[in-house]
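Given the coordinates of chain A, assemble chains B, C and D with the ligands onto it according to the supplied hints.
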Amino acid sequence: MSTRQTEPTQNLTLVQSVRDALATEMEADDDVLVTGEDVGKNGGVFRATEGLFDEFGGDRVVDTPLAESGIIGTAVGMAAMGLKPVAEVQFSGFVYPGFDQIVSHMARMRARSRGRFTLPMVLRAPYGGGIRAPEHHSESKEAFYAHEAGLKVVIPSTPYDAKGLLISAIRDPDPVIFLEPKLIYRAFRGEVPEGDYEVPIGEAAVRREGSDVSVFAYGAMTRPAMEAADRLADDGVDAEVVDLRTVSPLDREAIVESFEKTGRAVVVHEAPKTGGLAGEITAIVQEEALLYQEAPVQRVTGFDVPYPLYAMEDYYMPNAARVAAGIEEAVEF
Amino acid sequence: MSTRQTEPTQNLTLVQSVRDALATEMEADDDVLVTGEDVGKNGGVFRATEGLFDEFGGDRVVDTPLAESGIIGTAVGMAAMGLKPVAEVQFSGFVYPGFDQIVSHMARMRARSRGRFTLPMVLRAPYGGGIRAPEHHSESKEAFYAHEAGLKVVIPSTPYDAKGLLISAIRDPDPVIFLEPKLIYRAFRGEVPEGDYEVPIGEAAVRREGSDVSVFAYGAMTRPAMEAADRLADDGVDAEVVDLRTVSPLDREAIVESFEKTGRAVVVHEAPKTGGLAGEITAIVQEEALLYQEAPVQRVTGFDVPYPLYAMEDYYMPNAARVAAGIEEAVEF
Amino acid sequence: MSTLERDPREGEVRVLDENGDVVGDAPDLSAEELLAMYRQMKLARRFDTRAVSLQRQGRMGTFPPMSGQEGAQVASAMALADDDWVVPSYREHAVSLVRGVSLERTLLYWMGDERGSRMADGVNVFPVAVPIASQIPHATGMAWANKLRNDDGTPDAVVCYFGDGATSEGDFHEGLNFAGVFDTPNVFFCNNNQWAISVPRSKQTASATLAQKADAYGFEGVQVDGMDPLAVYKVTEEALAKARDPDKGELRPTLIEAVQYRFGAHTTADDPSVYREDAEVEEWKAKDPIPRLERYLRGRDLLDDDRVADIEESVETEVADAIEAAESTTRPDPSSMFEHVYEEMTPELRAQAERFADLRERYGDEAFLDD
Amino acid sequence: MSTLERDPREGEVRVLDENGDVVGDAPDLSAEELLAMYRQMKLARRFDTRAVSLQRQGRMGTFPPMSGQEGAQVASAMALADDDWVVPSYREHAVSLVRGVSLERTLLYWMGDERGSRMADGVNVFPVAVPIASQIPHATGMAWANKLRNDDGTPDAVVCYFGDGATSEGDFHEGLNFAGVFDTPNVFFCNNNQWAISVPRSKQTASATLAQKADAYGFEGVQVDGMDPLAVYKVTEEALAKARDPDKGELRPTLIEAVQYRFGAHTTADDPSVYREDAEVEEWKAKDPIPRLERYLRGRDLLDDDRVADIEESVETEVADAIEAAESTTRPDPSSMFEHVYEEMTPELRAQAERFADLRERYGDEAFLDD
Ligand SMILES: Cc1ncc(C[n+]2csc(CCOP(=O)(O)OP(=O)(O)O)c2C)c(N)n1
Ligand SMILES: Cc1ncc(C[n+]2csc(CCOP(=O)(O)OP(=O)(O)O)c2C)c(N)n1
Ligand SMILES: [Mg+2]
Ligand SMILES: [Mg+2]
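Residue numbers (full-length UniProt numbering), protein chains in the order written: chain A, 1 to 333; chain B, 1 to 333; chain C, 1 to 371; chain D, 1 to 371.
Be aware that a few hints might be false.
Computed cross-link-like contacts, DSS-like style, restricted to lysine-lysine with a CA-CA straight-line distance of at most 30 angstroms [unchecked claim]: (1) K287/D to K203/D; (2) K41/B to K203/C; (3) K287/C to K203/C; (4) K41/B to K242/C; (5) K41/B to K285/C.
If you are wondering where the hints come from, they were derived from the structure by calculation, not from laboratory data.
Bound-form chain A, shown alone (with noise of 0.2 angstroms):
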């Protein structure tokens, strides 16, 4: 289901949209309530529940204990009963300690309990670098949930899809991981209609098109993708940009297509390299279309290395040079 383009629009940042889609289904659905660290009255620490609190008062603005095992299990609790938490980590690096809740009971509960107990839940979390936090604050481990089965897993990229992710999210009949990048919370703004939308999970969407190459980025990942994209074309590389939005379940339909056209591949992302989706996505595309393959996929990710405090953190992410290095070096095998 697509917006229809005569609704009114409004220009809001990616948060501003998160907030948006928050509001939006909590107006519409009783149902839908959002816990969290401080999402009550200081509307979460960047502003992502602005206002919920007064809007929809304190029994669905929920400010909880300090305790994400907690958080979770509660809220795996209250989805089994048929409500629809949104639950707040507030930054995905503190999403550990309720790594168990995760990994053994939101992922699961539907398969346990063969259809009995769903759980149609939400874990929203800040995710991802380069805003100069503190140690831990940017962590990007998006490869751990995909690795899960049954849960699914969503990065968006722009003001728009963020909101109409997050609603698919919260209709979702299944448990969503919703990270949200927050190095481009606030970093531009997009037309966001103001009516409720969705936009599907598990559909990338072909932000450049291109034949020469697909470079596939997810999240704040995929600025630097167009902005080298743009640079190579300069040089006669058409590249194409595929914003794969959700990690979990991959389009692979959307990734091979792309690959098929093009036969060289860059995959983008902040994660540390070994172990990240860079490697799956490599993994489809010769699974699929090794005939079409003409160069080694690029990974263009973060290294294997913790995350380094911020004085070193913008030659940790992967930018718009690393990624036209990548393009190039796809190009030129």
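For chains B, C and D with the ligands alone, kept in the frame of chain A given last:
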């Protein structure tokens, strides 16, 4: 360092060799101690610590309260003070309550403190499926740990390696996650030197030389890989079987060397396919040796489902038939 | 006084002493209810014994017996109202039984068949939770949902069961803390059976009682003789009443520590002789809840030898029928593994399921089962 | 009495009242020690103020100020013996200062330079722990190691700091429970500054005090006026003595709840006016530990206007020098990112480091810094 051929050996199962490694290192080094649930008087639920409590006393073989974050977190503290704790988590599926301690601290204390505080600790856990155990007792999520920089991850497949690798892990200045495939804890015996010896972390072993296709496996999956190779030998397919032994850091050199010889590969693991290490290994071979590649790398893995209860586990676990089918596809492409 | 010196059981609630003599106020239970309680306990004991031998005979996988714990389980479960919820660990077969989970279903579960994990519609029991203590936050969330959705101020309660070992896990702490803060209609029922596998209660925590851990969350903790079914019924009933409708200044949740003992092994894979003395077991067997309640009922002329024999016979048949039914259930369809992962299969999962079907067709199921 | 009704501060240890008048037994501190305490508190306050403005000026990243908490931090840290250890959270600049971590190093850390996280050799302070409560099990493990390695029965103690919010995390529970069970020489020092970002203490837990949470672990919990440095010194000293050498029947660990207030924002990224009233802040500012100690010292003729001015001047210079030193430190070498991940780089990591060096060479550092 390898064992001298003249040394006396014992005929041990894999779990006995784990115990033997612990006893050997505890004997040699007073700083080594064992902690975990039921590791003391009970000798571990798989008897991996049998007799150690009587031999080394309650200060060095410690039954802890039932709390994995406490187990791993206190081991971090002990290791920072120079002890060499070998902490056991009873099953790898129960590591998750302590996952934060692993990714936020165990993996990074050295980097965070720029080398002042190092963690010469080992986290052992029985691992993998196939023993008709209840839910959560059959997990294999080595990919989580391999994606986290700062950890080493070892998965032995023979009694000889189990002892030598565990001794190396205990002596290693960095934190090691040591996953013990419980399907083969007692499935067969092997000659194990009585004295101490190291099997180096980070080195794969070629278990069977071959020229047509490389089968990469580790842990309990080495057996069906060998069996499939043997079966197909009758059909004239000459498969090489490489037992990775360490999954972080991967022995890229051995992987690439084998693949350059065969041009075809099958990767076998119990873990779910998506986001599993087969993707990483596929990415490595095409990154380093695309020009040698003659067929898509076949991933023979667990399915993207929660590990089923045991009535169905034989259908979930990769076995010789599935590996053979994968080899055939790789060879016939 | 240091907690090290205090007698950890001095404040324990009791109704029957070890001989079945009344030493406290009995709860208000009808003759039928008392007899039903007795029968369920007998049924649970018999089921437990048979299940252990099924495992020994290779007819079932690892099984966690609960003999000795029938008093705590049956009596607490009987105190619930129909709409209340139970969130069990893996050892609450008798609770489940009382709450309407068939023995057949419980057997199927321990036979490794996921269908045993699907509670029948209308049965307000959550699936077995294997990771220790991890079900506690669920129970808090469920009770919280009940409270949020309830309009008349008396929400349905949620009773969560766990062991003594579970009190050491972070999830115990977080689940109970949330319950205190959000004042949720929960009863946290700790089956303190003295052992967490081989680790005795005394090494699990230095606190004198487990009940006192409730202090940390601002609500009440109660210690009860868990092998005294009438005392258990009483404290559970009171806790449930408070959960639904607390007095002013009271918080809804309660932590109940039911002091008891597991007579058998931790599971059929465990050998308790390695870590505990027979004398200790015998000491606790003297507190067996079943003869205690039986003596009480005989004393009130609700039971005699004939009725006991009748009950034993009917219980025997019921267990045998359940085993027969479970064992004659056709094995699950292997392809069902791919179902219920998501509401709708993802394309990749569908592809995997198809490939799996294809392999089975090509090689036959023997190929999967041979190693 | 229900915990809801009890005055949560009724059992609090106090020495100085809000006017600096003595209302309890003062600890045995020399004039030098008292003056040192005062100076460190002044230094911490000044440092804090300057650090916040550095952030405002874009010269430093997010910073968590601690004004208002100097009494708890300085006094507790001064009570430690040289060989004792400190395991801090992220707000213990004053503790670190007292324990020998230079202000320059603390600044470097908050300027995003990992070298600020490497404590100098011989400084028994663990690196900053950002994930709330996660350092608590480390402290237990460290104290456990001290006890195991100690032969004379009086092991070095480990003092772990954390906030009120941290008490809700599972790691608080597990860390304290292990400490009780293994009877480790720990002091768990809770800086209850009333707020966990925007969540007030009253919503963090329903327990009346945080100190009483120690009951769950079988050891002592003490509540102290955390803005009364002399009271803090006293309870910490007592806890440390017990940690090293407990009386019979006593357990070594103590949970200290130091009741205090953070005057400023949670961090420079936080705006407390959104969630709390100015009046509340003013009320707590009246308890400011610095003027309280100052009045006490003036009353005993240890301070007068001149000495205060001298101290203020020397403190000013010390902070300015630290800032100067931190800001003139050359930026870290980007390739150092690959170091200290392992004792020896793995081959893959070496390859990544080489490729990184190559890219820097080819494109120049500008290419990395421009977006
Ligand atoms: C998180 C986790 N860690 C470890 C285990 C393994 N394990 C299963 S039962 C058990 C002991 C549980 O003791 P207790 O809570 O007292 O319950 P009981 O079995 O006595 O009923 C352990 C350690 C587990 N299931 N989950
Ligand atoms: C595990 C974890 N969850 C969330 C956060 C984000 N966070 C940082 S500080 C803080 C509040 C801490 O409050 P408290 O423990 O009272 O310490 P204070 O900051 O008041 O000193 C939160 C929620 C974190 N750092 N770690
Ligand atoms: Mg128990
Ligand atoms: Mg606080």
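So, going through the hints one by one against the coordinates:
A hinted pair counts as satisfied when its Cα atoms are at most 30 angstroms apart, and K287/D with K203/D qualifies at roughly 23 angstroms. This hinted pair checks out: K41/B and K203/C have alpha carbons roughly 12 angstroms apart, not beyond 30 angstroms. Simply put, K287/C and K203/C have alpha-carbon atoms about 23 angstroms apart, close enough for the 30 angstroms limit, and the pair holds. Distance restraint check for K41/B and K242/C: the Cα-Cα separation of roughly 42 angstroms exceeds the 30 angstroms cut-off, and the hinted pair is therefore not satisfied.
This hinted pair checks out: K41/B and K285/C have alpha carbons roughly 23 angstroms apart, not beyond 30 angstroms.
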